[in-house]
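*Asks:* For reference, the chains in residue letters:
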Amino acid sequence: DAGVIQSPRHEVTEMGQEVTLRCKPISGHNSLFWYRQTMMRGLELLIYFNNNVPIDDSGMPEDRFSAKMPNASFSTLKIQPSEPRDSAVYFCASRTGGNYGYTFGSGTRLTVV
Amino acid sequence: AQTVTQSQPEMSVQEAETVTLSCTYDTSESDYYLFWYKQPPSRQMILVIRQEAYKQQNATENRFSVNFQKAAKSFSLKISDSQLGDAAMYFCAYYNTNAGKSTFGDGTTLTVKP
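Residue numbers (the working numbering), protein chains in the order written: chain A, 1 to 113; chain B, 1 to 114.
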């Protein structure tokens with residue numbers, strides 16, 4: 001089991017550019033979560049999916065943020081256009097139905113300059 | 001809305017000693033789960049221990065144990081025989097089974113002194 005795989009591990013981009021973060025959950029896990037971690041706001045839930053369907057996107061900060069899960073093994077979080085205040089570590093996590101604990105990916109550190 | 005409060009931003013412990021990290025939560029639900037996660041400098045969030053709210057017995061995982069006080073809505077983590085590798089930020093999390101998602105506290109940074 002390779003765990004939850006996120007890419008890229010680091011991303012530096014210029015303000016206004018589009019950024020796409022990727023996540024591959026653990027096979028068999030039917031829930032996937034996107035979190036953002038900053039010093040000021042801690043861990044914030046952005047969106048989560050059950051069986052590839054978005055259930056709660058109330059944490060998505062603005063229309064600049066969008067997330068998709070086209071199949072059970074892949075999800076993306078897109079920011080367009082990116083802004084310096086989007087700089088953070090973005091985590092993807094997944095879990096299986098009977099186990100409410102999350103398995104996290106290694107995160108993507110996004111820096112928008 | 002559920003809230004999770006970790007009142008200790010930083011804690012330190014001497015190697016081989018015992019330390020307790022505090023966590024309180026607020027909920028009107030009866031069915032929920034509580035977790036402690038560890039985030040070392042490598043950034044990877046790791047599940048340390050879980051507690052089902054319907055269980056009275058406190059969970060233990062090797063050197064890690066919890067003190068779950070449901071009426072007081074308190075969920076502390078005790079680390080026994082602390083090791084240098086325990087140095088990390090620890091997050092308390094509340095999982096709402098109805099909402100299907102977790103709420104995290106702000107974390108406690110634990111330093112282990114040799």
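Simulated from the structure, these hints should not be mistaken for lab results. Treat the hints with care, as some may be off.
Claimed, not checked - Derived CB-CB ranges, DEER-like:
{"hint": "1", "chain 1": "A", "residue 1": "62", "chain 2": "B", "residue 2": "113", "range": "17 to 23 Å"}
{"hint": "2", "chain 1": "B", "residue 1": "55", "chain 2": "A", "residue 2": "97", "range": "39 to 45 Å"}
{"hint": "3", "chain 1": "A", "residue 1": "76", "chain 2": "B", "residue 2": "2", "range": "46 to 52 Å"}
{"hint": "4", "chain 1": "B", "residue 1": "2", "chain 2": "A", "residue 2": "96", "range": "39 to 45 Å"}
{"hint": "5", "chain 1": "B", "residue 1": "15", "chain 2": "A", "residue 2": "15", "range": "20 to 26 Å"}
{"hint": "6", "chain 1": "A", "residue 1": "42", "chain 2": "B", "residue 2": "57", "range": "19 to 25 Å"}
{"hint": "7", "chain 1": "A", "residue 1": "22", "chain 2": "B", "residue 2": "17", "range": "39 to 45 Å"}
{"hint": "8", "chain 1": "B", "residue 1": "58", "chain 2": "A", "residue 2": "87", "range": "36 to 42 Å"}
{"hint": "9", "chain 1": "B", "residue 1": "31", "chain 2": "A", "residue 2": "44", "range": "43 to 49 Å"}
{"hint": "10", "chain 1": "B", "residue 1": "113", "chain 2": "A", "residue 2": "70", "range": "31 to 37 Å"}
{"hint": "11", "chain 1": "B", "residue 1": "2", "chain 2": "A", "residue 2": "51", "range": "32 to 38 Å"}
What the hints assert, rightly or not - Here chain B is said to cover these stretches of chain A; the calculated rule only asks that three of the stretch's residues, wherever they fall, bring their Cβ under 8 Å from a Cβ of chain B:
{"hint": "12", "segment": "19–32"}
{"hint": "13", "segment": "73–79"}
{"hint": "14", "segment": "85–96"}
What the hints assert, rightly or not - Which chain A residues stay away from chain B? Per the calculated CB distances, all over 12 Å, these:
{"hint": "15", "residue": "12"}
{"hint": "16", "residue": "14"}
{"hint": "17", "residue": "37"}
Glycine included, each C-beta is placed from N, C-alpha and C at the ideal position.
*Asks:* Confirm or reject each hint.
*Replies:* Status of each hint after checking the structure:
1. 62(A) <-> 113(B): 17 to 23 Å: For residue 62(A) and residue 113(B) the Cβ distance comes to about 43 Å; the hint is violated.
2. 55(B) <-> 97(A): 39 to 45 Å: This hint is violated: roughly 19 Å between Cβ atoms.
3. 76(A) <-> 2(B): 46 to 52 Å: violated, 28 Å
4. 2(B) <-> 96(A): 39 to 45 Å: Violated - the Cβ-Cβ distance for residue 2(B) and residue 96(A), about 22 Å, lies outside 39 to 45 Å.
5. 15(B) <-> 15(A): 20 to 26 Å: Cβ of residue 15(B) to Cβ of residue 15(A): about 45 Å, so the range 20 to 26 Å is violated.
6. 42(A) <-> 57(B): 19 to 25 Å: Since residue 42(A) and residue 57(B) have Cβ atoms about 30 Å apart, the given range 19 to 25 Å is violated.
7. 22(A) <-> 17(B): 39 to 45 Å: Hint holds: Cβ distance 42 Å, inside 39 to 45 Å.
8. 58(B) <-> 87(A): 36 to 42 Å: holds, 40 Å
9. 31(B) <-> 44(A): 43 to 49 Å: violated, 24 Å
10. 113(B) <-> 70(A): 31 to 37 Å: violated, 49 Å
11. 2(B) <-> 51(A): 32 to 38 Å: For residue 2(B) and residue 51(A) the Cβ distance comes to about 24 Å; the hint is violated.
12. 19–32: Coverage by chain B is violated here, the residue count being 1 at a Cβ distance below 8 Å.
13. 73–79: Answer violated; 0 residues pass the 8 Å Cβ test.
14. 85–96: holds (count 3)
15. 12: holds, 16 Å
16. 14: Nearest chain B Cβ is 24 Å from residue 14(A), so the label holds.
17. 37: violated, 9 Å
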